[in-house]
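Q: Listed here are the chains, written in short residue letters.
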Amino acid sequence: MLLTSEYKVKGGKMIKVKLDVEENVIRRALIAGDFFLYPEEAIEQIEESLSGVNVSSDIEQVLANAVMRAGAQLLGVSVGDLASAVKLALQNEFR
Amino acid sequence: MTLWRFLDTGYNDAYWNMALDEAILMLRTEKRVPETLRVYTWKPSAVSIGYFQSLEQEVDLDACKSLGVDVVRRITGGGAVYHECGGELTYSLVVSEDTLRSKRFFEDIQGSYRVICEAVVEGLKKIGISAEFKPINDIVVNGKKISGNAQTRRRGVILQHGTILLRTDIPTMFKVLKVSKEKISDKAIKAVEDRVTTIYREVSSSITLEDIKEALRRGFSEYFDTAIEPSSPTQAELELASEYRKRFASWSWIAKR
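Keeping their order, the protein sequence lines are chains U and C. Counting from 1, one number per residue, gives the positions in the first sequence under the working numbering. Counting from 1, one number per residue, gives the positions in the second sequence under the working numbering.
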């Protein structure tokens, strides 16, 4: 099942999430938007970190770990914002 | 004090424009070229999208095709931009982090945007425009955006590029960017016009592109306290840019996300 969200961050940036979810498990995630992340390639590791994650997991913790492992720095959005955008997409199914 | 270069590469297509920025960045990491301020324009008009953006979510490809507007993905983050041919001037600065380290505010990535945008602000001052940096990555005049900026880094070298609006073509911008259809009303166009300003609106439209380029060169030179001398791209830059251009023009890169 494909779930999507658009999450406007305070300060103006936009996060657009697409999740492929099967049997309560995220199979693939796309975290798109007009934010900044350095190094840019870290986005792939961050998205990958959500693969295989149960929808009831602590999404923010998963993302925070991935950002830290990648040694990445966000600008314009926080890890909490990314998590909120992902959770918003999940709610679009589970509400 | 080291000598910086000023490159005016004129009108080129989107793929070449992005390729040359990256080529300068990469050769700077190898110390094969000096710190460089480049100015350029876009022909044909193009949409550039940020590294993290999804092509299908941001760009109306059919509209771009019918209007002859190219589409390119940047190596920098940030939002989608409509670069109208003749409607804006783009600058790029390739500079070592070490060179900027002594500047106030430089301590983090947000601070480095501020430092480089302050140099743009200094340049705008030369043509009588009183602008200021607005976090995260904008430059505004009386609260209205006149410039958007984006940066990336490779091995201790920063590339920041940004646009400076000369005029707006909001109806075309709304066609090529995917804005919700109700936004394409006269009211919505007015709303964007209220949030954005341009050089021609702030000063006179008799100001030339050459005046603005020279103002930027002088502004950066004074702000960074260094001579910035007109020059040309090196053979190595042109060759590397030709190579990178293929990637920027490839569908696999453009539609990467």
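What the hints contain is simulated information worked out from the structure, not anything from laboratory work. A portion of the hints provided could be inaccurate.
Here are the simulated lysine-lysine pairs, PhoX-like style, with alpha carbons at most 25 Å apart [unchecked claim]:
(1) C:Lys134 / U:Lys10
(2) C:Lys178 / C:Lys145
(3) U:Lys10 / C:Lys145
Chain U is nowhere near these chain C residues, computed Cβ spacing over 10 Å in every case [as the list claims (entries may be wrong)]:
(4) Gly68
(5) Thr99
(6) Arg104
(7) Asp108
(8) Tyr113
(9) Lys126
(10) Arg153
(11) Leu166
(12) Asp169
(13) Ala191
(14) Ala227
(15) Ala236
We put the beta carbon where it would ideally sit given N, CA and C, even for glycine.
Q: Work down the list of hints and note, for each, if the structure agrees.
A: Against the structure, the hints:
no. : hint                : in the structure
1   : C:Lys134 / U:Lys10  : 14 Å, holds
2   : C:Lys178 / C:Lys145 : 20 Å, holds
3   : U:Lys10 / C:Lys145  : 18 Å, holds
4   : Gly68               : 25 Å, holds
5   : Thr99               : 18 Å, holds
6   : Arg104              : 19 Å, holds
7   : Asp108              : 8 Å, violated
8   : Tyr113              : 8 Å, violated
9   : Lys126              : 28 Å, holds
10  : Arg153              : 6 Å, violated
11  : Leu166              : 23 Å, holds
12  : Asp169              : 21 Å, holds
13  : Ala191              : 15 Å, holds
14  : Ala227              : 30 Å, holds
15  : Ala236              : 24 Å, holds
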